[in-house]
Structures are given as C-alpha cells and as structure tokens.
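Engineer: Sequence:
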Amino acid sequence: MKQLRKKIVWYFIACAFALEVAVSVEDSFFEAFIAPHFKAVSEGGKEALAFGGFAASLVVFFLTMAGFFMLSAFVFFRLVKKAVQQESERQAEEQRLMYASLAHDLKTPLTSVIGFSSSLIDGKIPPERQEEILRTVHDKAVQTNSLLETMLAYSKLNSESFELHREKTDFCAFVRRLAAAAYDDFESHGIDVSADIPEHPVFAMIDGAELSRALMNLLANVWVHNPAGTRALIRVQEEKNTVRVRVADSGARIDPQKAETLFNPFVSGNEARTSGKSSGLGLAIARAAVERHGGRLYIDSGDSGFSKTFVMEIATCKEK
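Counting along the sequence shown from 1, when you hit position 88 you're at 88 in this note's numbering, and nothing is skipped either side.
Don't read these hints as lab results, they were simulated from the structure.
All figures in this text were calculated on a predicted structure; none of them were measured in a lab.
A virtual CB, placed ideally from N, CA and C, is assigned to each residue, including glycine.
A portion of the hints provided could be inaccurate.
Below, simulated DSS-like cross-link-like pairs (lysine-lysine); rule was C-alpha separation at most 27 Å, straight line [claimed, not checked]:
#1 240 to 318
#2 308 to 240
#3 107 to 82
#4 124 to 107
#5 308 to 258
#6 318 to 168
Ranges between beta-carbon positions, derived for each pair [claimed, not checked]:
#7 149 to 128: 53 to 59 Å
#8 156 to 130: 37 to 43 Å
#9 128 to 92: 50 to 56 Å
#10 228 to 88: 40 to 46 Å
#11 88 to 196: 42 to 48 Å
#12 255 to 110: 49 to 55 Å
#13 84 to 318: 36 to 42 Å
#14 318 to 106: 44 to 50 Å
#15 224 to 304: 23 to 29 Å
Using the sequences plus the hints, can you model the full thing?
Structural biologist: This is the structure we're talking about:
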C-alpha cells in the first residue's frame, strides 16, 4: 500500500507538470502569434473584426486548455487504475502464497500430532515410550503455534489499521539485552558471535515488542542459514539523528541482484526460504516492523572481515 501511495503521488505530479508545460506552451504561442495579429488589426481601424477574431481565439484557447486538462485527467486515471490493479494482484498473490505456505507447513506437525495421539488413544504405545511421544506431540504443537503467530504478526504489520505503541527507549541497552538473550542460540549452533555496542545511552521512540521481533529475526537468520564455525558481529552505531544496528556474518555472500528479494515473503527459488528451516517470513516481518518505525532495513556489502551485513536504521530522539 505504501508503494501504491507513492506511485499515485508521482503520477499526479507528472500529469500536473505535463499539463502546466502544455498550458505554458499554448500561452507562449498565443502571446507570440495571435495577440500581435489582432493588435495590428485593431490599430488599422477594424475594431469589430479584431474583437470577433479575438473572442473566437479565446474560445479556441480555453477549449484547447480544457482538452489538455481532460487528456491529463484521463492519463492520470489510467495510470492509477493500472497501479491499483497491479497492487491488488500483488496482494492476492501474496495472500495465496501465504495460505499455501501455511497449509504446507501446518500439515507436517499436525499429521504427527494426529498420528501419535491416535496411537496413544488406541493403546499402541508401550508405557515406557509414552512420555517420549507426549514430548514429541508437545513440540509439534509448539511448532504449529509458532507458525501461526508468525503469520499473524506479518498480517498485523501489513494492516493499515495497526498502530505502534512507542516508548522512549535506550536503544543500546535494548540491543544489548536481545544479544544476550540470543547468546545461547548462537553458541548451540556453533556461531562465534561478538558485540560492539556503546556503553552510553542512545534514545529512540520504538515499539519494543515489534522491534524486538524484528531484531531477533535478524539474529536468528545468522544461525539458521549459516554453518557452524561462522563468525558474527552485532554492532550499534550512532550517526547524526540515526542509530544503526549492523548484524554481520562471515557466511556465504549474497548476490547483490537478489539481495532485495530476500525481504519478500515466500520468494520461490530462494534457498533460504525453501530449505524448510524457516517460515519464509522472518526478514519480511523485520522490514515491515522497521518501516513502520519510519526506518530502513537493507543488506550491506559487509563490515571488514565479514561477507554480508543486515543493517537496521532507526531515527533517534533527544534524551529529554
């Protein structure tokens, strides 16, 4: 929707500019060729003829202006109609992919839950294995719930009615807390992670819950899509009225031409989205949350010693 609004604004500016240019050209033509002619006729004593010709020229002038206006309005209408149609098709395709992915990803854990629970009910599981099966059923249920929460989070962030609950937050302390919470996951996946976060406070107006999910998705992206032995860096930088979180790793490089597609939901052909390790919505949710804050999320070429960097930019606010 945001892109659609931008398109409409640009189309309006372009059509208004084209109309202004057309009117200016017509004005110049009228002043250069028509007005002097009738002035000369009038000075020659043929006032009635001059007035009649001048009135006819005015009619032609205003009819031409009306024609330009109608043409500009028609072009603007067609452009907006096409943009709205493209946005509707994009949303419909995105929704179709979401439902298809949801159905596919829910099928596996639900099949396990149904199968194991049926075996328990029918008494086919020996007592010594029942606790193991119950834990498996619980894990599959948790997996299903997590997937549903991810889908709901993405839908919520893309809803026009959704509003953030912002609070002034020490952004450095915020990132430090999340990095500490993710440390065990980095370690269990064999990721050598380090942090470079200023000790002094840097304040920003953020929705802690939504931006926590966004940053945790970036951190999880490191251990989910990189092998053990990968090095990672979490760095916070302050510059003018902006604070940046840079999540870098030494894993495989990303093709610059495909980098932007990583933030699209359910991109086919993207190994990171089709490996079965994630829902395919992590980076899409992260970008949506950051953009809701008026910020940016993009991929950089990488800090020194690292192959790629995900960069989150958020506007800062004054301490008082």
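Engineer: Against this structure, judge whether each hint is valid.
Structural biologist: Hints versus structure:
1. For a cut-off of 27 Å, the pair hint linking residue 240 to residue 318 stands: about 11 Å separates their Cα positions.
2. Proposed proximity of residue 308 and residue 240 is supported: the alpha carbons are some 24 Å apart, at most 27 Å.
3. Between the alpha carbons of residue 107 and residue 82 the distance comes to roughly 37 Å, so the proposed pair goes past 27 Å and is violated.
4. A C-alpha spacing of about 23 Å is found between residue 124 and residue 107, which places the hinted pair at or below 27 Å, so the restraint holds.
5. With a CA separation close to 13 Å, the supplied pair residue 308 and residue 258 stays within the 27 Å bound.
6. Taking the CA atoms of residue 318 and residue 168, the gap is about 9 Å. The hint holds against a cut of 27 Å.
7. Checked against the hint of 53 to 59 Å, the pair residue 149 and residue 128 fails, with Cβ atoms roughly 34 Å apart.
8. About 38 Å separates the C-beta atoms of residue 156 and residue 130, a value consistent with the hinted range of 37 to 43 Å.
9. Between residue 128 and residue 92 the C-beta distance comes to about 51 Å, which sits within the given range of 50 to 56 Å.
10. The beta-carbon spacing between residue 228 and residue 88, approximately 45 Å, falls within the hinted interval of 40 to 46 Å.
11. At about 45 Å, the beta-carbon gap between residue 88 and residue 196 stays in the expected band of 42 to 48 Å.
12. Under the hint 49 to 55 Å, the C-beta atoms of residue 255 and residue 110, about 36 Å apart, miss the expected range.
13. Here the CB-CB span from residue 84 to residue 318 is close to 40 Å, well matched to the stated 36 to 42 Å.
14. Between residue 318 and residue 106, the C-beta spacing of about 46 Å keeps the proposed range 44 to 50 Å intact.
15. In this structure the supplied range 23 to 29 Å holds for residue 224 paired with residue 304, their Cβ-Cβ distance being about 24 Å.
Hint check: violations occur at hints 3, 7, 12; the rest are consistent with the structure.
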